[in-house]
Each structure stands twice: as structure tokens, then as C-alpha cells.
Amino acid sequence: MSEVVLSGVVKRYGRVSALAGVHLSVPSGQLTAVLGPSGCGKTTLLRCLAGFERLDAGEIRIDGTRVAGGGRHLPAHRRRIAVVPQEGALFPHLSVADNVGYGLDRAARRTDRVEEVLTLVGLAGYGDRMPHQLSGGQQQRVAVARALAPRPSVVLLDEPFSALDAGLRVGLRHDVREALRADGATGVLVTHDQGEALSVADQVVVLRDGRVIQAGAPTTIYREPADAWVAGFVGDAVLLPAVVEHGSARTALGVLPVAGTVPDGAVTVLVRPEQVRFSPAPNAVTATVLRHDFHGHDALVGLRLADGTRITARILDGDAAVAIGGEVTVHVDGPARALPVDATTGRPAAAPAPLAA
Amino acid sequence: MAVALIPLAYLAVRTAEAGGDRIAAELWTERVGLLALRSLGLAGVVTAACVLLGVGTAFLVTRTDLPGRRLFALLAALPLAVPTYIAAFAWVSTVPRLEGFWPAALVLTLCSYPYVLLPVAAALRGADPAQEEVSRSLGRSGWQTFTAVTLRQIRPATAAGALLVALYVLSDFGAVSILRTDTFTRAIFVAFDLGFDRTGALVLSSVLVALTVLLLAGETATRRRGARYARLGGTRRPVSRTPLGPARWPAAVALVGVAALALGVPAVSLGRRLAAGVSRPGALPEVLSAAGNSLTVSLAGAALTMLLALPLGLLAARAPGPLTTVLDRLAYLAHALPGVVIGLSLIFFGINVAYPLYQTRWLLALAYATLFLPLAVGAVAGAAAQSPSGLEEVARSLGRGPWTVLRTVTLPLILPGIGAGAALVFLTGMKELPATLLLRPTGTDTLATELWTSTAVGAYAAAAPYAALLVIISALPTWLLVARSGLLDKEDRS
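Line by line, the protein sequences give chains A and B.
Our numbering applies: residue 1 is where the first sequence begins, and numbers increase by one.
Our numbering applies: residue 1 is where the second sequence begins, and numbers increase by one.
Hint data in this document are derived by calculation from the structure and do not stem from the laboratory.
Even glycine gets a Cβ: it sits at the ideal position worked out from N, Cα and C.
Any given hint could be a false lead.
Said to hold, decoys possible - Reference excerpt, derived from the structure (chain B facing chain A, CB under 8 Å, subset only):
id: 1; residue: Gly390
id: 2; residue: Leu391
id: 3; residue: Glu393
id: 4; residue: Val409
id: 5; residue: Leu413
As the list claims (entries may be wrong) - Take a look, some chain A residues computed to stay more than 12 Å from chain B by CB distance:
id: 6; residue: Ser7
id: 7; residue: Pro75
id: 8; residue: Ile81
id: 9; residue: Val83
id: 10; residue: Ala143
id: 11; residue: Ala147
id: 12; residue: Asp158
id: 13; residue: Tyr222
id: 14; residue: Arg250
id: 15; residue: Val262
id: 16; residue: Thr329
id: 17; residue: Gly334
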């Protein structure tokens, strides 16, 4: 249970800055997801935290004690930060129990801590198996148990579910979150899967080009993205040019209420596809159906508005009679979100913007 | 690393001492030209034959439904246990007055084609069958796929095996001597041993080293062009086998024929003379003492070599860079040096630098280390891949210091590879002849040297027990190596 604070962390490989001044705070006892596209520096961030890489600038503190930066580099084995790598990386020559007990000292190995963490990850009684006798999901569970066993300050999870089947992934990530919670561990999960980050984390940190773009609760990140890029990265987004007057935005989808206080003028507003409803409401507009992607639990419908603007609607009732080429009436449920506009280009800002509080 | 440099430094120093005129006088003779042509010709013929035989056999045992594949795989690899001089001796004692270029080429081919077979078989087993399937699905016939995809997949392995064979032939001493084929190694030994003509021996050695460097450079150049073929992600299915149909019986007969020539001739020849050799008065204690000597010097050599190879191999695997490449190449060069040259240079080293070592087994162990270090470094570096650095990072993140990680994770994982390397060094040490002849302490005879002494005076019956014991002892590490290569595994899922 420890708080981790990174300030101004820079890591360069040759002339490429993998991390260009990262400020980040990981609250104690919570699970923080570091979310970003591949190549954004998230694995480098994790390796710097673990102590496998030296910082070029900035510092990392755990519970106020500096572990890296300012000429100090506490080696990996003294940091009490355990990692769960992508492929689990179980020691192939050790049994499950010996893998889990690897980080424990001799006294702790004689207690029932090994069995305790194996129970936490749902593998009680598997101690005598060898790693190659386990399925991929079970191997990942053992890797999590191994990281939890010595009660480290922080557990780092490096895309631990990415190699698993979709079905297995969902079950495992919730079990792992529960195991971390039950053990009171502080966790950092690195992932490029926005669904994973939003569903398991207490805090989501969006990383791009080696910088933190936005940090906040999953709901905040989804509902109040810092910019158009974050909006599109964490979910499907309908971005519409709009003119704001007295708290209402005039758009191709009609006049929409805008969340928060926004000064009058031209902006881009964000509407989530699930806000677009098929119904004859007073402020409804007409749209032509372009495509219909059925996903089982819901469906995404591509629409073209009268002025040619293309938008997407998410409908729960997949059977709804939407004939491609046919006309429907839609309205927007709930407020739209105004996104900052880049003053020089007039386009939605893609650069770091003030956090939408 | 200094170990690898001793011979090169020696050659440079002594050749410089001899002076230019003397060197020119030795060098520009018709004899040297003939020697060079014969050595290179022999290396070329044997390498080509080994590639044909090795690739063909490897394909038959890994990719077809040949009956008795695992037995044939073992039979095809076993010639590794037969030193060339024993094979040559077996042929000479079976077919009287056999000598010259072509018999030497035959014997060397039969002894060294496993050097191509083993890496190629491993590559054929490891190759991704999906690539061949893609080629077939794009409309290429089976034969076109074989030449356009399969042969290219195994090209790096074939080249590596061919290089080993070529180096082996250039530095071979036993077979060419017994079959009276004048090559560089034989000329060097004769110049040194009979004529005490050190300068002549040296100049010839230098030419041999130059040929070796040429060969290594050629291999490096082709490797750069050929690049490496990476496998791109994804899990791999086991290879599929080609049904041979009625052709399986001729194929099997062909393999039986090769095995009969490579293993049967030595076995029959040794067996016939064994009874007479063993019943010779006083034979048993002599053979046992020679076996003891062989075992101790080879074990000492293997231990010393592995000790030197461990840090080098780990460094090569973990910190690839210009320095490690240079170290790697230097070690290869020393390996390519013929045992005769290594022997000569270590005598010089023993007399002038480390006199306490001279005439001890330790100098011989050092010679083995010089000769076989690359084999061991390769084994360690290959084994280090069994312990990916990710595992070590996890271990460190769990609070274990570097030494504990080395002891509890790295070493246990690479131990089988180290064992294989040690077996290989031990095996090659048992078979080594020229350096052992030159460096053994006076009065210490090994199986190889006793065999050599007996055959030199035509005492074939007396030589047989030594040869038989040597082959039997060498067969054990050979079998271990073949088993580790996976060739003998049961069908992996089908």
C-alpha cells in the first residue's frame, strides 16, 4: 500500500524521447490504468517504475522516498515493485508453489502465504503443478499470485491479458482486480485496450507521445475527455462542429444543451453514439441509414444527415427495422460536450489541454 | 580470450623472426602450390558431398514417412563418434593399399556429414509449415515449393554445417596421414616431427591459417547477403510429412548403404582384429591406462573450456555489440586453426612463457580449450536463450539480487545447454589427435595416440582395442547430443 508519484520523468533512447516529462500520481491501494496506443511510452514508463531503466530526468517517489532521479537509482530488487509481464514469464523449472514463493524469504515461505495468494487468484491446490501443465489464463493467474505474494509496494501489470482469448480476458481481469483489492495492493496496469482500462481501473491515465494527456476516473475520461483525440481513443465518438449561444450548441443534429459553462462561439462538440436515439421527438432530425453493424448485444448504425454530416448511433434493439437507404428520425439524449478548438487551425485541439474537471 | 590469441601471436612472432627471404624461399615452391590445391580440392569435394548427403538424409528422416526414421536418424548421426583416423585405419586394414585423394575424400565425407545433417535436421523440424502451405496455395508444386521455400529456410543451417565441414577437412590430420594424402596438416606435422624444421612448419601453418581466414571471410560475406530469416509471431504447428510411396524402400536401402559404409566398415574391421588385439600379452593394462588418460585430459579440457565459455557465452547472448562480435570471430578463427598449429604454438608458449605448465596435462587441457572454445561458447549462448531476460527481470522485481537471480533462475535454465556443450567438448577432445600427439607429457599415452603409434607401424591388431574403446566412449556423448537435438523424439502430435 503505497503512493507512487512521478514528476517530470524523461527517458530517451538515442534521440527519441520515449517519455517526455511524465507527471503522474498513483494513489495508494488503488488500481491505475495507463492507457495509450502502441508506441506511446507506456511500457517504458513501467520499466522505469520497476527499475529496469534509468531516468534521464525527473524523479520517482514511493511514499515520499525518492527511488529514482537526482542521481539516485535504487536497483530493481530493492524497490519492492513486482511486475506481471505480458506472457506471464513463469520460471519454467519451478513448480507453481515455488514460483509463487520465489519472492518470499525463508520464514514467509513456511507460512501459508503461498496458498493464500493462490486462493486469491482462484488456483487453490495447484501448487504442485508445473507451469507447462497450465493453460494460458492459469499461467497469468500464477504470475499475479507470484507478484502479490511478497506484499510489494506496487504491482505492475504489463498488458497481462492481451495474449488471451476475449472471453477469458474479461473474466480474468475482474478476478485479478478483486485479488488486488482483497490484498490491498497498489496496482499499475499498462494497456492499449480502452475497454479494459475503463472497466477495471479506479483511475485512468491517458498517455500519448510520452506525455500524460489526461488522468481521472474512468467515467470522467469517457464523459469529459480532454480533447477530440482522447474522446475518439476511449470510445466511439461523434464530433460535430457547432456554434454555442447561451449554453446551447447549434449543430447538424439540432440545438443541443452543452454540459458545463462554455463561452459563446464556434466549438466542436462530442456526442456519444449511445446518446443518438431513434425516436420522433420534438427536436428530431431526419437521417439516411448508410450501414448497420450488428454486434449481438447492440448495433452501430451509420447515418447521413441532411447536410451530409456522417454520424453513428448505437442502438440496443438490434432487430429494429433499419433498412439501409431508408430514412429515420433521430434526436440526442442528454447534453453534448464542448471540446476545445485549436486557435490556429480551427480544428479540434489535439495537443494537451487543461483537464476537464 | 587470451587463450584464443596465443596461437595467432605465436605464428606472427615466429614468422617475423624467420625473415622475409627465408619465408619466400619456403613459400613460392611448387610443393606449396600443390599442397594448397590438394587441401582446397579435398575441402571442396568433401563439403559438397556432405551437403548432398546431409541435407538428403535430414529431409528423409524429418519430413517423410520413411520406415524406421528414428533409427536412421541415430545411425546417420553416429559417425560423429568415429574419429577420421579410426575410419581411415578401418578402411586401410580392410582394403589393402588404399591411399590417395579419393579414398581420403570418401572417408572424410562419411565421418563429417553429420555436421551438416544435425543443424539441417533441426532447421527442417523447426521451419514453419505455414510458409510451405502458403506456397502450395499460391499454385507452386511440391518440388517448386521445396526449392523455393524449404531449401531457403534451411540455407543458414546448411551454410553453417558446410563451414564446419570445410574447416574440419582443412584441419584434419589423422585420415589424410593414414591414407597418405599430402595436405598442409600432414606436411606441417612431418616437417616438425621428422625434420625438426620449425620454420618450414611455420610457413606452411601460416598459409593454412590464411586459407582458413579466406573461408571464414567467404562465409561471413554470404551470410550478410543471405541475412537471417526471422519467424514472424504466431504459434507453429509441427511439420507435415511427405508420403514417399513406393520410393520409401529404395530410400531406406540408400540410408542403410551409407550407414554400412560409415559405421559398418569400421565395426567389422575393428571386430575382426579385436580378438587378436586383446589377446596380445599385456594388452589390457595398457589399454585401460590409455583410456584413463584419455578420460582425464578430455574431462579437464571440457571443464576448463566450459569455465572460460560461460561468461563469454552469456555476454554474447545478453550484450550483443561490436566487442562481442569481435570476440566471437576471434574465437572462431582459433577454432579453425588446425590442431597441429595449436599444438606447435602451445609448445612455444609452454617453453617460453609458462614453463611450469610445459609437459603437463594442463597445457593439453589449455590446447583443447583453445580448439573447442567456440563450440562451448555457441552452446552457452544458445542455452542462454532458454532463459530470456524477462524472467530475470521478474526475479529482480521480486526482490532478488543479481547473484541470487543467476543462481536460482539463469543457471538452472541454461544447465542442459551447458551440459550439451561440455559433452561436445569432451567428445571432440577424446577424438583429437595432432595437438595431443604434440603436447602430451612424455610417457602419457591416450587412446588416440596409442592408436596412432600402432597404425604408424602397421600393427593393426594392436590398434584395434584402442579404436574400439575410443568409439564406444565417444558414442555416449554423441547419443546425448542427438537425443537433445530432438531427432529421436516420438512423433510430436499428428
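Results of checking the hints against the structure:
Evaluation of the Gly390/B hint against chain A yields a held restraint, the C-beta minimum of about 5 Å falling below 8 Å. Among the interface hints, the one on Leu391/B holds; its C-beta lies about 5 Å from the nearest C-beta in chain A, closer than the 8 Å criterion. The beta carbon of Glu393/B is positioned within 8 Å of a beta carbon in chain A (closest approach about 6 Å), and the interface hint is therefore held. Given the 8 Å rule on beta carbons, the hint for Val409/B holds: about 6 Å separates it from the nearest Cβ of chain A.
Hint status for Leu413/B relative to chain A: holds, with the closest Cβ pair at about 6 Å, below 8 Å. No beta-carbon of chain B comes within 12 Å of the beta-carbon of Ser7/A; the shortest separation is about 22 Å. Its closest Cβ contact with chain B, about 7 Å, brings Pro75/A to no more than 12 Å, contrary to its assignment away from the interface. Consistency note on Ile81/A: stated as away from chain B, yet its beta-carbon is not over 12 Å from all of that chain's, at 6 Å minimum.
Taking the minimum C-beta to C-beta distance to chain B, about 4 Å, the non-interface status of Val83/A is violated against the 12 Å cut. Distance check on Ala143/A: its Cβ comes as close as 8 Å (rounded) to a Cβ of chain B, failing to clear the 12 Å threshold; non-interface status is violated. The Cβ of Ala147/A does not lie farther than 12 Å from every Cβ of chain B; its closest approach is about 7 Å, which violates its non-interface assignment. Against chain B, the non-interface label of Asp158/A is violated: not every CB pair exceeds 12 Å, the least being about 10 Å.
Listed as outside the interface, Tyr222/A is consistent with that label: its C-beta sits roughly 32 Å from the nearest C-beta of chain B, beyond the 12 Å cut-off. The beta carbon of Arg250/A is kept farther than 12 Å from every beta carbon of chain B, the shortest such distance being approximately 50 Å. Under the 12 Å C-beta cut-off, the non-interface status given to Val262/A relative to chain B holds; the minimum distance is some 46 Å. Distance to chain B confirms Thr329/A as a non-interface residue, since its nearest Cβ pair spans about 48 Å, more than 12 Å.
With 12 Å as the threshold on Cβ separation, the claim that Gly334/A sits away from chain B holds: the shortest Cβ distance comes to roughly 43 Å.
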